[in-house]
Amino acid sequence: ETGVTQTPRHLVMGMTNKKSLKCEQHLGHNAMYWYKQSAKKPLELMFVYSLEERVENNSVPSRFSPECPNSSHLFLHLHTLQPEDSALYLCASSRTGTGAETQYFGPGTRLLVL
Amino acid sequence: QKEVEQNSGPLSVPEGAIASLNCTYSDRGSQSFFWYRQYSGKSPELIMFIYSNGDKEDGRFTAQLNKASQYVSLLIRDSQPSDSATYLCAVNGAGNNRKLIWGLGTSLAVNP
Chain A
65 ETGVTQTPRH LVMGMTNKKS LKCEQHLGHN AMYWYKQSAK KPLELMFVYS LEERVENNSV
125 PSRFSPECPN SSHLFLHLHT LQPEDSALYL CASSRTGTGA ETQYFGPGTR LLVL
Chain B
17 QKEVEQNSGP LSVPEGAIAS LNCTYSDRGS QSFFWYRQYS GKSPELIMFI YSNGDKEDGR
77 FTAQLNKASQ YVSLLIRDSQ PSDSATYLCA VNGAGNNRKL IWGLGTSLAV NP
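As you go down the protein sequences, you meet chains A and B in turn. Residue numbers for the first sequence follow my numbering, beginning at 65 and rising by one. Residue numbers for the second sequence follow my numbering, beginning at 17 and rising by one.
Just so you know, not all the hints are guaranteed correct.
Said to hold, decoys possible - List of simulated lysine-lysine pairs, DSS-like, C-alpha gap at most 30 Å:
| # | chain 1 | residue 1 | chain 2 | residue 2 |
| --- | --- | --- | --- | --- |
| 1 | A | Lys104 | B | Lys115 |
| 2 | B | Lys72 | B | Lys58 |
| 3 | A | Lys82 | B | Lys83 |
| 4 | A | Lys105 | A | Lys83 |
| 5 | A | Lys100 | B | Lys115 |
| 6 | A | Lys105 | B | Lys115 |
| 7 | B | Lys72 | B | Lys83 |
| 8 | A | Lys86 | A | Lys100 |
| 9 | B | Lys83 | A | Lys105 |
| 10 | B | Lys58 | A | Lys104 |
| 11 | B | Lys72 | A | Lys86 |
| 12 | B | Lys58 | A | Lys83 |
| 13 | B | Lys72 | A | Lys82 |
No lab work stands behind these hints, which were simulated from the structure alone.
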């Protein structure tokens with residue numbers, strides 16, 4: 065247990081569905097991250113939030129919409145996804161949001177888009 | 017494009033041997049270097065970080081950094097079957113210090 069939880073752990077959705085991924089951290093950190101992990105590709109950073117402010121948007125398509133209501137919670141809203149969006153979506157947190165810190169990962173949401 | 021390169025493996029070593037995992041990076045200004053371990057079906061967890069040239073030891077793990085040659089390595093002594101996992105190298109770039117650049121990972125198999 066890293067202190068970062070994610071729900072749901074598995075999600076199957078059609079291309080016309082709308083769903084949301086949830087992440088919660090119990091570590092008192094100020095920064096939270098969304099990553100995408102696909103087979104045979106490095107971890108791809110999607111978004112970074114520091115003190116609830118989005119500080120990094122890594123050219124992610126608009127069908128992915130993040131929300132950070134406070135420093136403990138992070139959401140990723142999904143709509144009209146494509147089959148190539150099927151992947152493991154990982155949430156992470158760190159103390160302040162610089163790249164020099166340890167990032168603590170949640171267990172991930174395995175997403176399948178049909 | 018800033019890159020982090022790792023041999024994808026699989027690297028296979030017998031139990032008790034030393035496993036040597038290597039990583040090279042392209043951004044000469046990189047300052048922080050991390051090794052994460054990822055078991056199959058699980059999320060990455062930090063093994064070690066290193067900031068300065070030279071060696072850093074933590075139990076059976078030693079990280080080695082050579083900034084002049086732009087490589088960082090991880091040695092695992094007395095390898096155990098429980099060390100079988102994918103090892104991810106991550107490097108913090110000089111230009112955007114919020115972002116880690118990740119390698120593809122090296123798959124390690126320790127055979128009993």
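Checked hints:
1. The straight-line distance between the Cα atoms of A/Lys104 and B/Lys115 is roughly 20 Å, inside the 30 Å bound, and the hint therefore holds.
2. In summary, the hint linking B/Lys72 to B/Lys58 is supported, as the alpha carbons are separated by about 26 Å, within the 30 Å threshold.
3. The straight-line distance between the Cα atoms of A/Lys82 and B/Lys83 is roughly 46 Å, outside the 30 Å bound, and the hint therefore fails.
4. A distance of roughly 24 Å separates the Cα atoms of A/Lys105 and A/Lys83; the hinted pair therefore holds under the 30 Å criterion.
5. Restraint check for A/Lys100 and B/Lys115: the C-alpha separation of about 14 Å stays at or below 30 Å, so the hint holds.
6. Distance hint between A/Lys105 and B/Lys115 is fulfilled; the C-alpha atoms sit about 17 Å from each other, no more than 30 Å.
7. For the hint linking B/Lys72 to B/Lys83, the alpha-carbon distance of about 14 Å falls within 30 Å, and the restraint holds.
8. A C-alpha spacing of about 14 Å is found between A/Lys86 and A/Lys100, which places the hinted pair at or below 30 Å, so the restraint holds.
9. Of the supplied pair hints, the one linking B/Lys83 and A/Lys105 holds, its CA atoms being roughly 25 Å apart against a limit of 30 Å.
10. The straight-line distance between the Cα atoms of B/Lys58 and A/Lys104 is roughly 16 Å, inside the 30 Å bound, and the hint therefore holds.
11. The suggested pairing of B/Lys72 with A/Lys86 is violated, with an alpha-carbon distance near 36 Å, which exceeds 30 Å.
12. Annotation: proposed proximity of B/Lys58 to A/Lys83 holds, straight-line Cα distance about 23 Å (limit 30 Å).
13. As the CA atoms of B/Lys72 and A/Lys82 are separated by approximately 47 Å, the hinted pair breaks the 30 Å bound.
When held up to the earlier numbered hints, the structure conflicts with 3, 11, 13 and fits the remainder.
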